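**Student:** Here is how the chains run, residue by residue.
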Amino acid sequence: MSLDFLAGFTIFMLALIMVVSMVPGLLAGLESSGIDYDAVAYRTGVILAEDPGWPVYPPWEMKTEAYKDEIDRMGLAVSKDTPNILLSTKVNAFFNYTFFTEDDYRSKAIFGDVPYSYNFSLRSEDWTYNNATGGTPPSGHGYIRRAVKIKEPGVANISYNSSFNETALDASKPRVFTVRLNFSQLLDPERGPAYRIDPRTEPVNITITEFGRYLNGTAAATNATLKDVTFWKMDPTTPMPRFTKIPFSYNTMDPDLYTLFLDRTQNDLVPGTNVSDNISLVLKPAATSIFTLDQNSILDIRFTFDDGVPQRTFMNGTYLYDYDNVTCPPLKPAVLEVAIW
Amino acid sequence: MACMNEDGQWIVLMGLLVAVGLFFLALIINQSVLVGQTTAEGVLEFPKNDIRDLREAVFDYVDTFGGANNLTTGAVRQDIVAISLERKNAVVNFSVESQVEVSGHYLHPVTIHYYNGVTEYNENVYY
Amino acid sequence: MVNDGGQLYTMEGVAAGLIMLLTAYIVISTTSIYTPGDTHIPDMQLEQLGSDVLAMMDTPNAKDDDKSDLERFIADNNSDGFRAAFLDYCNMTAGDTDDLHMSASVTYRSGDSVGEYQFVGADNTWTGRESAVRVTRWVQLSERPAVLPGVSIENRSQAVLVEVLLWRA
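Line order of the protein sequences matches chains A, B and C.
Take the position in the first sequence, starting the count at 1, then add 73; the result is the number in this note's numbering.
Take the position in the second sequence, starting the count at 1, then add 1120; the result is the number in this note's numbering.
Take the position in the third sequence, starting the count at 1, then add 194; the result is the number in this note's numbering.
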């Protein structure tokens, strides 16, 4: 046997040993995509839990089907200074899987060149939120779990208050009940974004309960006519500020902009119908964004009741939609899970 | 080879080629494993949560004491500095000045310094 | 005089030795790299979750709450309440609950020394071999804990560090 053959064989054996010892390494190389999945899941978790998304104002969750391309990134946080505090309107928009396609989730939340499969889920401790989108994760998927809290919009519950029951008014004058939102007060930076009422990103909820107690008892009225609901704005920074009526399609019922329920029946903003007990108005941020308001504006929502003589209700006056009157629900503990494979 | 018939040299050559080829393959595979590992290490080693926690602690401090500088605030500041060094191996310092007007609001200028031997973080912020 | 005809064999031997050493080095370096990497991922996940939970427990649910849950647990030395709230939050998932366990301690400063007391003890799943992660959170107290945890703490406004060890059984 020649020594040359031995030398060559030795080198070949060495190479073979290398290959064999690489075999677990080879498999690890394939399995390392699992490690990669975890990294992608972590990244997606950070984007969802700690980022408000892009664009910020007007926020991405208000984009309609036609403007969906303008959404760059879907983040759920209230602001970039409040990681892990999620905004309920963003959450609801994000889990609207009839609006977002799989490709949208991939290009606006997960990112990356590989078309990853995903499963996002969010559940609050009291089960009021239990959302999920995506497929069932196989074994070996990348995973991250984030503990979060969900911020919900405030609600103005207006029950009976004698200061709004102005019985001494002229019997023929229409009654005007105004709900006033002073943006400079609401958006005061003194109050952190996690506890703020921001009508530009969250719906404004006004519920008048016990309307029956505002009715004109002397005329034995059982209901009153809500003529219309109008929006007025004022910019106090301009010289000689005054309220101007905001042009708006008051006659069109559009649940994307507002909902108005009179005694639990849906109406447009010019109902002209009788109401006896309960008025509920939800003004969506999509509508507020049309109003072109800034952080100094004052927005008035005027409910006008008119029945001619005698007026059938005494409800009149101005209700301030501020931190004293509006109840802000406590933040809801929840858990956000991201699975990627 | 030494004083012998040299007909088998090609075997040596082939062996060498295979070895070099495998070496490069091994390098590539190595890199792909490193990607996943460095991501996890990057996340673990960058003290994002520590810095964020420190910032919130400082802001809590400002909420409570404002720009005051007395025995009470000195003690709280010393708590944060001493415990950071002892338990988190991080050199930490911060200072809060009295309020100045920034675009219509009165805010405290706050400086925060953090260094854990690997990551250094400095911040000047109005709070 | 010795015949030097064997010199080439020596050189060949040396070359072969070098190749073998190189091979061994490559083999060892490739195999050893990803073993620690495997434990990094679960650590990262646990650390993130633990920090999140502490941060959320330290976030008051409403603006008017003067204290967060975490501050209240420390001030009242309520270790059972803290353990229950922390584990509930940690183990909550959309599906089955997870199986995480914890212990916690609080670090405080007293004069020039830094002291520590056990806040929540480890349960019986702790053997010392778990790969536990440590997460921390600063808590500011307006006075020393109302219920003393068995150590002498100066009665003043102070910042203490809550440390939680978290592991999967």
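These are computed hints drawn from the structure, not numbers from a lab.
Since this is a predicted model, take the numbers as computed values, not measurements.
Check the hints yourself; a few may be wrong.
Listed below are the simulated SDA-like cross-link pairs for lysine to any residue, each with C-alpha atoms no more than 20 Å apart in a straight line [what the hints assert, rightly or not]:
id: 1; chain 1: B; residue 1: K1168; chain 2: A; residue 2: T155
id: 2; chain 1: C; residue 1: K257; chain 2: A; residue 2: G265
id: 3; chain 1: A; residue 1: K405; chain 2: C; residue 2: P254
id: 4; chain 1: C; residue 1: K257; chain 2: A; residue 2: P226
id: 5; chain 1: B; residue 1: K1168; chain 2: B; residue 2: H1228
id: 6; chain 1: C; residue 1: K257; chain 2: A; residue 2: K246
id: 7; chain 1: B; residue 1: K1208; chain 2: C; residue 2: D306
id: 8; chain 1: A; residue 1: K405; chain 2: C; residue 2: T291
id: 9; chain 1: B; residue 1: K1208; chain 2: C; residue 2: T291
id: 10; chain 1: A; residue 1: K405; chain 2: C; residue 2: D282
id: 11; chain 1: A; residue 1: K246; chain 2: A; residue 2: K300
id: 12; chain 1: C; residue 1: K257; chain 2: A; residue 2: S257
id: 13; chain 1: C; residue 1: K257; chain 2: A; residue 2: K300
id: 14; chain 1: A; residue 1: K153; chain 2: B; residue 2: A1139
id: 15; chain 1: B; residue 1: K1208; chain 2: C; residue 2: L359
Chain A side only, calculated, beta carbon under 10 Å to chain B, not exhaustive [stated by the list, open to error]:
id: 16; residue: G81
id: 17; residue: F82
id: 18; residue: T83
id: 19; residue: F85
id: 20; residue: M86
id: 21; residue: V92
id: 22; residue: A112
id: 23; residue: D124
id: 24; residue: P156
id: 25; residue: L259
The C-beta atom is built at its ideal place from N, Cα and C for all residues, glycine as well.
**Student:** Does T83(A) meet its interface restraint, that is, does its C-beta lie within less than 10 Å of any C-beta in chain B?
**Tutor:** 8 Å, holds
**Student:** Taken at face value, is the distance from the CA of T291(C) to the CA of K405(A) at most 20 Å?
**Tutor:** Given that 20 Å is the threshold and the Cα spacing comes to 18 Å, the pair holds.
**Student:** Compare the distance between the alpha carbons of K257(C) and K246(A) with 20 Å, and conclude whether the hinted pair is satisfied.
**Tutor:** 41 Å, violated
**Student:** Take the C-alpha atoms of K1208(B) and L359(C), compute the straight-line distance between them, and say whether it is at most 20 Å.
**Tutor:** Since the Cα atoms of K1208(B) and L359(C) sit roughly 14 Å apart, the hinted pair holds (cutoff 20 Å).
**Student:** Going by Cβ atoms only, is F82(A) closer than 10 Å to chain B?
**Tutor:** 7 Å, holds
**Student:** Would the pair K1168(B) and T155(A) pass a check requiring their Cα atoms to be no farther apart than 20 Å?
**Tutor:** Satisfied, since the Cα-Cα distance of roughly 14 Å is no more than 20 Å.
**Student:** Are the Cα positions of K1168(B) and H1228(B) separated by 20 Å at most?
**Tutor:** 24 Å, violated
**Student:** Do the numbers back the hint for A112(A), that is, is its least Cβ distance to chain B under 10 Å?
**Tutor:** Since the shortest Cβ distance to chain B is 4 Å, the answer is holds.
**Student:** Are K1208(B) and T291(C) close enough, with their CA atoms no more than 20 Å apart?
**Tutor:** 31 Å, violated
**Student:** Given M86(A) was flagged as interface, is its beta-carbon under 10 Å from a beta-carbon of chain B?
**Tutor:** 9 Å, holds
**Student:** Given L259(A) as an interface hint, is the shortest Cβ-Cβ distance to chain B below 10 Å?
**Tutor:** 15 Å, violated
**Student:** So if I understand the rule, the pair passes when the alpha-carbon distance is 20 Å or less; does K405(A) with P254(C) pass?
**Tutor:** At roughly 11 Å apart (the allowed maximum being 20 Å), P254(C) and K405(A) satisfy the hint.
In this structure, the hints that do not hold are numbers 5, 6, 9, 13, 14, 23 and 25, in rising order.
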